[in-house]
Amino acid sequence: MVHALERARQHLVPGGALVFVQPRRLKRPFIAVTAHGQRWPVTGLTSPVFEPLISAAETAIDGLVAQRLFVLIGKKNHQFRVRLANPSQLDGYLHTGQRPPRFPAGGRSRLQSLWKSRRPGAQIEVTEYMAVIAMRAVNKGSA
Amino acid sequence: MPKAIELPSDYPPAGVEVRLIERLVKLKGRRILEIGCGDGRLTRQYARLASTVVAIEPDHAKIRVARRAAAAEGVTNVSFRVGTAERLRLGGGPFDIALFSWSL
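Chains as they are written, first to last, in our numbering: chain A, 1 to 143; chain B, 144 to 247.
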C-alpha cells in the first residue's frame, strides 16, 4: 500500500489530491432482522482477512501526513443499508466480495433464532459503513 | 433450471460515493487517475464530470467488462488499462486527483 501511494503521488500535479473510498476501520457490517418498522439487532460481522488490510491502509495514509507529504482535506463517513429476503440471500450477498466476512461466535445462531420467530414480511438488513478520505499534496518548499 | 436471484450490490447506491467525494474535492474538469477501478462501476459514475480519466485494474477480465460497459454508456474520456499502482507506467498524466476506490 505504501508503494502504491508513493507511485500515485509521483503522478500528481503539485497540490493534487489523493482520494480514498474504503470501508471504515472501526465499523463492521451489522446484521439485523426488520419487519414493519421494527428492528431486531443480530450481530456485527468480522473479516479476519480484510480488517488488517484496512488498518494497514489507514496507517499508510497517516504516514503520508506524518511525513508532511500530504495534508488532510477531510473525511466523510457514510452508512448504507441493504435489505435481503432471507438467510440464504444473506449468504449469497456476503460472498459477493473476494473476502467474505464471518459471523462471530453465536451470531449465526442468534440470526436463525430471530428468523424462526420472525413476523410476516420480515427482511434481513445489512448496514455497511464506508469512508471517503481526501488529502492534498504538499508543494515542495511550502511544507 | 431455477431462475437466479439477483442479489443487491455490496457497494453503496449509485451516486453516493461521487457526492461524498465532491464534498471534499471537485471532480469537474479534473484529470483523474483511478487505481483499482474493477469493472468501472464507480468510474462511469464520475467520468462525465472529469476532463479525462485513466483507470487501472490488475484483472484483465474486469477491464474488458469496464471497457464494454463504458462504450455502451457512451463514455469516451476514460482509458481503462491493465496494471497496478506499484508498477505504474502512465501516459496521460500528471493528474489532478488519484482515486483509490475500494482498492486496499
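Worth double-checking, as some hints may not be accurate.
[Unchecked claim] With beta-carbon atoms standing in for the labels, derived distance ranges:
#1 A:P87 / B:G226: 16 to 22 angstroms
#2 B:G226 / A:Q38: 28 to 34 angstroms
#3 A:Q79 / B:V225: 31 to 37 angstroms
#4 A:P100 / B:D202: 15 to 21 angstroms
#5 A:R119 / B:R211: 42 to 48 angstroms
#6 A:T127 / B:K169: 28 to 34 angstroms
#7 B:G172 / A:R9: 19 to 25 angstroms
#8 B:E165 / A:S113: 42 to 48 angstroms
#9 A:G107 / B:R162: 29 to 35 angstroms
#10 A:P41 / B:P151: 48 to 54 angstroms
#11 A:V65 / B:V225: 30 to 36 angstroms
#12 A:G106 / B:G158: 20 to 26 angstroms
#13 A:L26 / B:G158: 22 to 28 angstroms
#14 A:T96 / B:G172: 23 to 29 angstroms
[Said to hold, decoys possible] When the alpha-carbon atoms are kept at most 27 angstroms apart in a straight line, the in silico DSS-like pairs for lysine-lysine are as follows:
#15 A:K116 / B:K169
#16 A:K75 / B:K169
#17 B:K205 / B:K171
#18 A:K27 / A:K75
#19 A:K75 / B:K171
#20 B:K169 / A:K76
#21 A:K76 / A:K27
Quick caveat, the hints were computed from the structure, so don't treat them as lab data. Note that this is a predicted model, so its numbers are computed, not measured. Glycine is no exception: its CB is placed at the ideal position from the N, C-alpha and C atoms.
Hints, verified against the model:
At about 39 angstroms, the CB distance of P87 of chain A to G226 of chain B disagrees with the hint of 16 to 22 angstroms. Judged by the Cβ atoms, the range 28 to 34 angstroms given for G226 of chain B and Q38 of chain A is violated: they are separated by roughly 49 angstroms. A C-beta distance of roughly 33 angstroms is found between Q79 of chain A and V225 of chain B, which places it inside the suggested range of 31 to 37 angstroms. About 18 angstroms separates the C-beta atoms of P100 of chain A and D202 of chain B, a value consistent with the hinted range of 15 to 21 angstroms.
Distance hint check for R119 of chain A and R211 of chain B: the Cβ-Cβ separation is about 44 angstroms, which falls inside the suggested range of 42 to 48 angstroms. Distance hint check for T127 of chain A and K169 of chain B: the Cβ-Cβ separation is about 29 angstroms, which falls inside the suggested range of 28 to 34 angstroms. A beta carbon spacing of about 21 angstroms between G172 of chain B and R9 of chain A agrees with the range 19 to 25 angstroms that was offered as a hint. As the Cβ distance of E165 of chain B to S113 of chain A is approximately 43 angstroms, the hint placing it in 42 to 48 angstroms holds.
Under the hint 29 to 35 angstroms, the C-beta atoms of G107 of chain A and R162 of chain B, about 32 angstroms apart, fit the expected range. The beta-carbon spacing between P41 of chain A and P151 of chain B, approximately 20 angstroms, falls outside the hinted interval of 48 to 54 angstroms. Range check, V65 of chain A to V225 of chain B: Cβ separation about 31 angstroms, and the 30 to 36 angstroms hint holds. As the Cβ distance of G106 of chain A to G158 of chain B is approximately 37 angstroms, the hint placing it in 20 to 26 angstroms is violated.
With their beta carbons about 26 angstroms apart, L26 of chain A and G158 of chain B fall inside the hinted range of 22 to 28 angstroms. Between T96 of chain A and G172 of chain B the C-beta distance comes to about 34 angstroms, which lies outside the given range of 23 to 29 angstroms. Among the hinted pairs, K116 of chain A with K169 of chain B is inconsistent with the structure: their alpha-carbon atoms are about 48 angstroms apart, more than 27 angstroms. For a cut-off of 27 angstroms, the pair hint linking K75 of chain A to K169 of chain B stands: about 14 angstroms separates their Cα positions.
Note on K205 of chain B and K171 of chain B: the hinted pairing holds, with a Cα-Cα distance of about 26 angstroms set against a maximum of 27 angstroms. Annotation: proposed proximity of K27 of chain A to K75 of chain A holds, straight-line Cα distance about 15 angstroms (limit 27 angstroms). Taking the CA atoms of K75 of chain A and K171 of chain B, the gap is near 20 angstroms; set against the 27 angstroms cutoff, the hint holds. With a C-alpha separation of about 14 angstroms, the suggested pair K169 of chain B and K76 of chain A falls inside the 27 angstroms cut-off, and the hint holds.
Of the pairs offered as hints, the one joining K76 of chain A and K27 of chain A holds, with about 14 angstroms between alpha carbons and a cut-off of 27 angstroms not exceeded.
Hint violations for this structure: numbers 1, 2, 10, 12, 14, 15, all remaining hints satisfied.
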